[in-house]
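Novice: From first to last, the protein sequence lines stand for chains A and B. Per our numbering, residue 19 is the first one in the first sequence, and the count goes up by one each step. Per our numbering, residue 7 is the first one in the second sequence, and the count goes up by one each step.
These are computed hints drawn from the structure, not numbers from a lab. These numbers come from a predicted model, not from an experiment. Hints are supplied without guarantee of correctness; some may be wrong.
As the list claims (entries may be wrong) - So the derived label-pair ranges between C-beta atoms look like this:
hint, chain 1, residue 1, chain 2, residue 2, range
1, B, Leu112, A, Tyr46, 23 to 31 Å
2, A, Thr146, B, Lys151, 27 to 35 Å
3, A, His331, B, Arg116, 48 to 56 Å
4, A, Ala296, B, Arg265, 49 to 57 Å
5, A, Ser303, B, Gly24, 50 to 58 Å
6, A, Glu163, B, Ser287, 29 to 37 Å
7, B, Gly78, A, Gly50, 56 to 64 Å
8, A, Asp301, B, Pro110, 16 to 24 Å
9, B, Asn15, A, Leu288, 27 to 35 Å
From the three backbone atoms N, C-alpha and C, an ideal C-beta is built for every residue, glycine too.
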Amino acid sequence: MVGVSSRSTPDPGRSVSVLELEDVQVEYVRRGRIPVRAVAGASVSVTPGEIVGLVGESGCGKSTLAHAAVGLVAATGGKIRFGGIPVEPLTRRARSPHLLPLQIVFQDPFLSLNPRRRVGSQLADGLTARDSNGSNRKHVAELLEMVGLSNAAADRYPHQFSGGQRQRLAIARALAGNPSILVLDEPLSALDASAQAQIANLLVDLSQRLNIGMLLISHDLAIVREMATRISVMYLGVIVEEGPAEEVWSSPQHPYTQALIGAVPQADGLGQLPNALAGEVPDPSRPPSGCRFHPRCPHAFSVCFDRTPTIRHSSASRRVACWLYESADAETGADNPLRISIRDRVRSGPTFDGTGGTPK
Amino acid sequence: MKDLLEVENLTVKVPSQGKMVTIVDRVNFAVAEGQVVGIAGESGSGKTMSTLALLRLLPPRAVLEGRVVFDGADLVAAGERALRSVRGRQIAMVFQDPMASMHPMLSIGRILTDHLRVHFGHNRSGARARAIEMLEAVRIPDPEKSLKAYPHQFSGGMRQRIAIASALICEPRLLIADEPTTALDVTVQAGILRLLDSLRRERQLSVMLITHDLGVMSALASVLNVMYAGRIVEAGATRAVVQNPRHPYTRALLAALPRSGDTRGMRAIAGSPPAPQEDISGCPFHPRCEFATRDCEVIAPRLTQLEERWLACPPDPLRIRGAA
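Based on the provided sequences and hints, a complete structural model is requested.
Specialist: Right, here's the structure in full:
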């Protein structure tokens, strides 16, 4: 059972391949300058068949996290495991065969396809990696069919396709590795609205039909809500909120998530201006003290200036990293000295100024 | 409200593979003072070309037909010298990618003051003072220091705000904004949309907004033109068009968006828009249209007025036929 068609029923041997990112940190070291911690401790996990959305503004570290997840950049801290085995960063040696079912699709299909090779031979590379006898035309044709392109596409070059079709080719190439997990780095942002809808539907369909888990990186919360089962929201290298897509969209908890949703302009014809978020994304090499969002947060109070909130459950299915929600589950946090002190501080009443209350 | 710009039967043809190809086909629209008029459509629909044509910024050997009346003067017939006093001075443009539209080796101060000195003959200190004023208006922190900085030192949102400052520094009457927020994050986009809206209200600035994002369109434009394959297929008040689209293409564009309420969103339009070289008989949308009849394959629909709406689709629910 080598052929692509055999995958219409999920392969039981594949189903254990969960992608787990645990407290991942990625630091870019720059000579003579302050290192940038692009990812400052982020945890995400993806199981086959589910789509996990990772949203945030440009510069928040979401692409770096995606690249770290497949081994394209080396994590400087934390654990990345695929199917229980650590994901080794890419070196000059061949990528480990156990990582073959972990594939990535990049943002710009104009850059990610080789302009000087025919589509068919580019797809065949992935099939050969899986099985040295796998690269025949029939299997290439099956891959093209899976992404809704005709067999004739194999003999053409990437420039002969539109943006949406090229993204289909990039997806087909990732499918050649028979993936159980696909990392998608802004797969829709280079496309028009109607091409976006086509590719979004294709991805959801592939995920369900082939039981592929997807980590969907996007800056567009509205699209992620449409496609994903769970959403993680990232701000300046950390995950600030996480939960089921529909719940996060309809009742966002973190002030940053609320700002992101409020900024999406609605095509309702009502002429309402979306809400702007004050300020700019801070320089990641000099992140703000305390909660990284506090300089832009409309609800910031004194604790936020000097204490970093950690992500905790705000309900059974949701987690948020925000001091506003700390007292809500105080019972479970009794073993946390920081949390007790914060509670005491808040209780100390309106005179609380963030410096006094409990001794440090 | 007086019409500042009136475009009549604007047609653009460009040479391609040995023959002339029509990429903008008899387009009509008007922009009043202090009004935002939008053109929406997929890439390749001709929306950018129709605005570039207003200032005759077309590729060599392109043919321009029709009339572009700006403040009483026809820009299609105008001489090059007359046109130069309109470009940048009366009509300014902001493009999608501020990195590509700003000279990377000129300081922000130079980028902002060059055209002031050309159009108004300002001296250096006068131009500088005006530049600082403009940077404050678009809320760039520390304007004096920013004048000495270079484009790459700013984030995408800041660069786009500087591009808007540069476009508005000569106090143009019309701003052409071509996908001004498409490259930006939603939070930054919201700030730019608010800025454009306040300029419209406070300075009576007229704006031609080109974008494929109907959410952005909905926030800013009072009139919406939907373009497909070089033609306007539906036009009317934004609210009416968005809430009650009549052309199947407008409907399909709206259905392709992520849902805003509870209706299922992201329904894709089958197929892709035609290449300009393709000669499609009848309605150019018929191969992708779910309502297409046999007539649609042969009869090219004309843009026809129905109450407050313009529509180029004979099988419209109201069954008012515009085609001969």
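Novice: So, for every hint listed, does it hold in this structure?
Specialist: Checked hints:
{"no.": "1", "hint": "Leu112/B - Tyr46/A: 23 to 31 Å", "verdict": "holds (29 Å)"}
{"no.": "2", "hint": "Thr146/A - Lys151/B: 27 to 35 Å", "verdict": "violated (56 Å)"}
{"no.": "3", "hint": "His331/A - Arg116/B: 48 to 56 Å", "verdict": "holds (54 Å)"}
{"no.": "4", "hint": "Ala296/A - Arg265/B: 49 to 57 Å", "verdict": "violated (28 Å)"}
{"no.": "5", "hint": "Ser303/A - Gly24/B: 50 to 58 Å", "verdict": "holds (55 Å)"}
{"no.": "6", "hint": "Glu163/A - Ser287/B: 29 to 37 Å", "verdict": "holds (31 Å)"}
{"no.": "7", "hint": "Gly78/B - Gly50/A: 56 to 64 Å", "verdict": "holds (59 Å)"}
{"no.": "8", "hint": "Asp301/A - Pro110/B: 16 to 24 Å", "verdict": "holds (21 Å)"}
{"no.": "9", "hint": "Asn15/B - Leu288/A: 27 to 35 Å", "verdict": "holds (33 Å)"}
Checked against the numbered hints above, the structure breaks hints 2 and 4 and satisfies the rest.
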